[in-house]
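Undergrad: Each chain, letter by letter, is given below.
There are 2 protein chains.
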Amino acid sequence: MNVSHGVENEYLRRHPVDAAEQLETIPDPELEPVVGSLDPRALGIAMEYLSPPKAIEVFEVLPREAQLEILERAAPRLAVTLLAQLDDSRREQLLEGLRSVSREDLRRLMAFRENSAGRLMDRSYLAVQAELTVGQALKRLQQSPLRGARSVFVVSTERRLEGRVDIQDLALASGEESLADHVQRVDEAVTTETDREELVELLERSRLDSVPVVDLEGHLVGVVRYRSLFHAIEDVATADLQKMVGVSPEERALSLPGFAIKRRLPWLHINLLTAFLAASVVGLFEGLIAQFTALAVLLPVVAGQSGNAGAQALAVTMRGLALREIGIRQWRLVLGKEVMVGLFNGVALAITCGIAVYLWSASFGLALVIAVAMVMSMLAAGISGSLVPIVLTRLGQDPATASSIILTTVTDVAGFFSFLGTATILAFML
Amino acid sequence: MNVSHGVENEYLRRHPVDAAEQLETIPDPELEPVVGSLDPRALGIAMEYLSPPKAIEVFEVLPREAQLEILERAAPRLAVTLLAQLDDSRREQLLEGLRSVSREDLRRLMAFRENSAGRLMDRSYLAVQAELTVGQALKRLQQSPLRGARSVFVVSTERRLEGRVDIQDLALASGEESLADHVQRVDEAVTTETDREELVELLERSRLDSVPVVDLEGHLVGVVRYRSLFHAIEDVATADLQKMVGVSPEERALSLPGFAIKRRLPWLHINLLTAFLAASVVGLFEGLIAQFTALAVLLPVVAGQSGNAGAQALAVTMRGLALREIGIRQWRLVLGKEVMVGLFNGVALAITCGIAVYLWSASFGLALVIAVAMVMSMLAAGISGSLVPIVLTRLGQDPATASSIILTTVTDVAGFFSFLGTATILAFML
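Line by line, the protein sequences are chains A and B.
Following my numbering, the numbering of the first sequence begins with 1 at its first residue and continues without gaps.
Following my numbering, the numbering of the second sequence begins with 431 at its first residue and continues without gaps.
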């Protein structure tokens, strides 16, 4: 393969996403000769599709002029991400090299909280004043470099947001009409401080393609478009993955270890407490285990099966709640389904597992004990897997938070108790 | 509370989303008097925000005329969902009551695969022919009831898709200009058969707000708008929750038990195999356990902690990969972080746990054994939690599929082995 690794200007311009994927696979030491020869403008577009660590690597090996051009021209979100990774003096040096308009723009953007509407908004939008005629407004639009908008915002002389006009309405009106006749109310506006989660919810509830952003004094400062929320929607939707095992939704794969340690440790301590609870169940049967050590060997099998089956029920129910496909009032239906599934799969696994244990131990009693315990604990898994997120929601909690930790406690206790309890009753057969 | 449960026409019209939330909380037997008096048109809008089971309940208690009005006027997606739940004869009866245009529309829609572009598309869009002048095109737009679009599609006389024109460009052009001068190429179009996943990916890669949909012969038949993909984006993003524990991403909270049983059982059998593997590790130490039964009691504590810590590392890494915040080439960074976290949290938990065990057993040896095992198994958890999804990706697999099952095997084996192994070495202290 030649030094370009297949990434050349023409390719970069036509297929920025594919080029980004290609760049992603180039080892860091080989990056410099590849990206050094590329057009910074085209590179800046492809860099939006790189993972942040790779984007930084690429940025770092570029000559200063190329760096400045990327900061100046690329999407502000990329520029802010890149600048955030530099140390203060490097950042200042680069900012000083920019045109003052861009510099001030980026500084203002960096001042907003991460994940706030201020950071996510697009600062280019169309705005006109209501006193104009349709013809005058169209003339203003003609002078703007923006294309492809579907509405124009209407602002007062102090840039206070007053409404919006559909461009389609402008196109259909005659030039002498007053713009004011076509102004529609803006029902939904957010401030620069509005959280990403709230924005996602707002766009979901409303049927808007974009939401205007005003500052704390009500002046229009930007617009959040649907497509810039794509990442935010995915991000919010996948947060449950982390919350269910006691990881803060803010933690990222490359967060600092200190942040991860501090946030995860409390939940691990709670998990420790629940693990001792499960252990105390085993403790109740210590005498029995001393007599039949094979029980200790098979103990994790029942609890493990129950744990996984419970996690299945939990995942489906939690996702159903998150996507609003079920509400908590449907708890009977969900529970009924999971009881059926637990019972059926419990019987199926009891048969497989019973046969396997019989072949291993040649003890019919032990095989029977594990089979009975399997059915009982799988049932308990289905019941708790479906009820944990529903009960959490009913209590006003997030159905994801710590759900996996609560579930494991239930399935462990159920698994241990059903297995050792059945063994106690059927001890004469062991 | 009066019989309306606070849901009245005015409220329904102004706040459909809130009204839907209100409706969701009304028990099914009390629905009829509440919804019977509502304006079907406003109700149809609110019903889009109901969970499907509740939407069906509401629909079922309405008089036939109201049902027909909802099918006729509400979003086609709602109509298709409602019709899909009825038995064949009821569905036919209702369809027969509709105007023939609506009936054919709905039939055509139902013929598309679920989750295909055909089902998700909007059948109302603006289209004109290229031979027109700008003025003529504007006249056509004026006759259309659609408002708020940002572009018009250009089609041939056979309705083949030829391009699109920004409405903003139309607004700015003079009426005599030829429309053909303003036509832009459409780079991205999908067919009615295109999958939802592919659509989501396409909208993510491109910077479009909507994608035109063509049939297999290239005729324009609809448009998929960003906002109708909102649910699809969330749905695709949350599929990992299920895949990681061996549940098919197609399963829903209210899927038929038979579907759930058939799809979950194979993974539960694989999990059973891995549970036996973990049990065989315990089997190696059967003699030791017979001597010190306290080991059997504490066994689940170490494995449980390691399992939860591993699930934390797994969740963060998997989410990072899914959101493309990391690529597999960053494996060293991710692994390094998780090793640090595992080591630190392992030491912290070893101290807590060691003290607790000493207080319970008054055995310094046992406390030391569990403390050492805790550090080792927490390290193993961090390593496997971060590497499992990365290795799966490297092997060309989905990083989520069965990741939790693989991880649990590793953390169980590591937990049992480190605990019982350390106990063997330090047996003289027990």
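Careful, some of the hints might be misleading.
Claimed, not checked - Within a straight-line C-alpha distance of at most 25 angstroms, the following computed DSS-like cross-link-like pairs (lysine-lysine) qualify:
| # | chain 1 | residue 1 | chain 2 | residue 2 |
| --- | --- | --- | --- | --- |
| 1 | A | Lys139 | B | Lys569 |
| 2 | A | Lys243 | B | Lys673 |
| 3 | B | Lys692 | B | Lys673 |
It is worth saying that the hints were derived from the structure and are not from the lab.
Undergrad: All hints are to be evaluated individually against the structure, with a verdict given for each.
TA: Comparing the hints with the structure gives:
1. A/Lys139 - B/Lys569: Status holds; Cα separation ~21 angstroms.
2. A/Lys243 - B/Lys673: 17 angstroms, holds
3. B/Lys692 - B/Lys673: Holds, because 15 angstroms separates the two Cα atoms, which is no more than 25 angstroms.
Checked against the numbered hints above, the structure breaks none of them.
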